[in-house]
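Asker: Chain by chain, the residues:
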Amino acid sequence: MSLKRQAGWYKDAIIYQVHVRSFSDSNGDGIGDFQGLAHKLDYMQELGVTAIWLMPFSPSPLRDDGYDISDYRSVHPSYGTLEDFRAFLSGAHDRGIRVIIEMVANHTSDQHPWFLESRASRDNPKRDWYVWSDTDTRYGGTRIIFLDTEMSNWAWDPISKSYYWHRFFSHQPDLNYDNPTVRDEMWNVMKFWLELGVDGFRLDAVPYLIEREGTSCENLPETHDVIRELRKKVDDQFPGAMLLAEANQWPADLRPYFGNEDEFHMAFHFPLMPRMFMGLRLEDRKPITEILQQTPEIPASCQWCLFLRNHDELTLEMVTDMERDYMYDIYARDKAMRLNLGIRRRLAPLLDNDRRRIELMNGMLMSLPGTPIIYYGDEIGMGDNIYLGDRNGVRTPMQWSGGWNGGFSTADPESLYSPPMLNPVYGYQAVNVASQKRSEHSLLSWMKHIIRIRRSSPVFGSGSIEFLYPANHRVLAYVRQLGKETVLVVNNLSSAAQAVELDLRRYRGNILIEMFGGNVFPRIGDLPYFLTIGPYQFYWFRLRRI
Amino acid sequence: MAEETLLTDDFLRQLIHVGEVDILVGLRTHNNAKTIEPVIRAIQAGILKCFPRERSVIVNADGGSLDRTQELIVGASIDDVWSVSKVYALRTLHSISTRYAGSPEPGTALRTILAAADLLRAKACVVISPDSTTIEPDWLQRLIRPVYHDNFDLVCPIYSRQKFEGVLMQNLLYPMTRAIYGHRVREPYASEFAISGRLATDFLTRETWNDERTRIGAEICLTIAAITGNYRVCQSFLGPKAQPDRSASDLVAVMRRTVGALFTSLDSNFPLWSTIAGSQPVPTLGSQSEVMLEPVRVNRKRIREMFAIGVAELEPVLRSILSASTLSELQRIATLEVSEFNYPPDLWGKTVFEFAASYHKSVISRDHIVQALVPLYRGRTLTLLLENRDGSGEEIERKLESLCGDFERLKPYLLEVWADRK
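So the protein sequences, as listed, match chains A and B. The first sequence begins at 151 in my numbering and counts up one residue at a time. The second sequence begins at 273 in my numbering and counts up one residue at a time.
Treat the hints with care, since some could be wrong.
What the hints assert, rightly or not - In silico DMTMM-like pairs for lysine to aspartate or glutamate, Cα to Cα no more than 20 Å straight-line:
| # | chain 1 | residue 1 | chain 2 | residue 2 |
| --- | --- | --- | --- | --- |
| 1 | A | Lys-311 | A | Asp-273 |
| 2 | B | Lys-321 | A | Glu-473 |
| 3 | B | Lys-358 | A | Asp-471 |
| 4 | B | Lys-321 | A | Asp-479 |
| 5 | B | Lys-633 | B | Asp-539 |
| 6 | A | Lys-436 | B | Glu-326 |
| 7 | A | Lys-341 | A | Asp-273 |
The hints are simulated quantities; they were obtained by calculation from the structure and are not laboratory data. These numbers were taken from a predicted model, which means no experiment stands behind them.
Required output: the full structure, derived from the provided sequences and hints.
Answerer: Here it is, written out as structure tokens:
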């Protein structure tokens, strides 16, 4: 069954981020695949998610977990075939789940045939598909992103005896988007997948598409021209398909990526995420309200993407030095937990496996303005393995049961793509889907519940937000409103019970209905509305005038 | 425990909003609108700069200001600190204010602050004077750090002073506290200090708040409570301290608040202080005391007159307080011209101790006893001015040390008059 591409579907979506390799292995080779993923679609449907974001699955030398693509129109043999992908896509659509795939547009693998041709000689027809230079001094004002591994944004190519430009690893040469042929070819790649039926793309590393001397080579006007060109083609030929920007920038710098509803439909709100962790630990709403105050309005059809954790490190690029030091001290005391400018840990270990804090963070994720993304495994509280290199510690096999390899694969444990989690706290014997399905009070059951409630009202996806500023700074309170529907959200960021007085006079006469239990709370009057709220507790109230 | 009646409902509501804190900065104000703004800014900058991660609050106990003192404190925004000091706030910094009941009184204000610190479970409580216009943000660090990081319970300040500032401290409070309690605390009566949460709670729960003399001299009582309670005491160098404008008539009130409280403390602490001989230095962070040598204009003739008139007019009172030999010697000194005037340190020590003993026996009204000390103190001050007119900082320090030595040597005399006097 084909799921109709309906305009704006992403605004009310709940996105589940999955790596094919890590989810389920159907053929016992130790690596997750599309057939395995398709078998787990019922699980995702039951969880309540409405979209799946797949990490790269194209053929690749896998030196950067698939973000180094060597063939854009195929499936990595370890994950199956294009036919397997089609079957998975169809199965997802049958269940009303949309599929977003990665478009690693900024760069390819150095093993991609395009690059092999480009480097073969200086007069190769594909020479101009990448950014070449005789010196490594051009674009000197450009920062290096992977500080831990790269010394320069230029790498020497001994074959064509010149330098090529790369913003990420040196084995990931940047494509030259000044070349119209490259732009056409990348659109053809997108068209290929859209014709197969995918519902949208997450465009990787978009700020870096174009380079210009004397600039930071980020967020350039010409980059926006490229995006507008792609968006127009998408709208004209595949209306309803969605483009999501991965641009780790300040909100004000991100705003242009929405354009006049003619660039991206969605963009990640990177600076909010570390501030949610900061606010929780400081027991102070200030970091959260401050960044959201700095977040500009976006066009009506556009949407922020919110997340707590993902496949990368918890990035601390968009914080001040003082905030970064604080985050490291609080969340990554062990230096092995740090990578580049971030923290490579999963949600549950970051929060000391404290169920109350995990719930509160998910509560905020689901109620702040934007579309929430759940990283696979976080719905059951999976742990991480900081002793695996790079970001692999947060990409370990999904834990389905307490049995062989946690139910991920029937292969010998030694042959798995990554060692499964084994420790007594986060290992698959302790944390797995099967056991949590059996308990009404498990984290998994709770996640299903909150997702169901979130989906019960469009106010969370599309409503406005107004912050209340009660004198108690440990309480983060806001009102979401859409049409006649109003929801009051009150979060206690503190480890201690709090008393709070809310100025709700403009909603005088309404009664509050707590959305999780359905209980009625007293009517709002002229006096400040007094609430007591337990440690790390939160309330969602629907306001009703009866 | 905070006493119920001490905190108004409104103040309690404000405290609930603030919640548990690590650091509480206390202010005691009464019509300080002229000076409070730079003080608040320095406090905010100091907290944000030195303790950005700590939960902090500024609590003002106001004695009924009629100017805009309270509004200026509550309205001080941390955004102003960013524009001046480029210090970014990681977390919320509350500024709250309350008008305590009764007439303006630093002791009641302190008690209100301690009650707030107790309720908010502050680990460190620092009190800053609202007229300390020379305050630097670093003062916060110098006062709080020893409590917060090094487990001290009381941090007293040391200031750079003009050589004739803080004369009461140098002439009486420091030498006597040192001789009595055996700890060399340079500013036992301080307008800036920091205390630990446990000392705050202990001091707050003492019965002594019901005694007016203790209440009005709460600062010196706090120092004495820390020393006698075996709390860890240290001193921290803050730098120059602006001397607030005070009229001469304030001296009696100041003496009551300080000397009266010190004398009162001797009653209940006799078993302890009577066994102490000599004195121990207390840990001092930063520089030692510094004396600035800017010339000061003083009317020496007028001071001599006030001394001589006091000795003459108060003779009946002094006769009931002092020994015959001491009184006779004072009467002799009262006849001297300024050029020959000398109130020697050992005689000053004997005078003070005889006053303390008479205060203990309450030979006359205790207030009158303290009041009668005022002209004699002026006489001793004149000697200090004359002796140190051209003295260097080192010389002044040496003489102060010698005076303290005299007080310590005379302590057996205090024990003697304490026991023997009728």
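Asker: Each of the hints needs a verdict: does it hold here or not?
Answerer: Cross-check of the supplied hints:
no.	hint	verdict
1	Lys-311/A x Asp-273/A	13 Å, holds
2	Lys-321/B x Glu-473/A	13 Å, holds
3	Lys-358/B x Asp-471/A	13 Å, holds
4	Lys-321/B x Asp-479/A	17 Å, holds
5	Lys-633/B x Asp-539/B	10 Å, holds
6	Lys-436/A x Glu-326/B	14 Å, holds
7	Lys-341/A x Asp-273/A	29 Å, violated
Hint compliance for this structure: hint 7 alone is broken.
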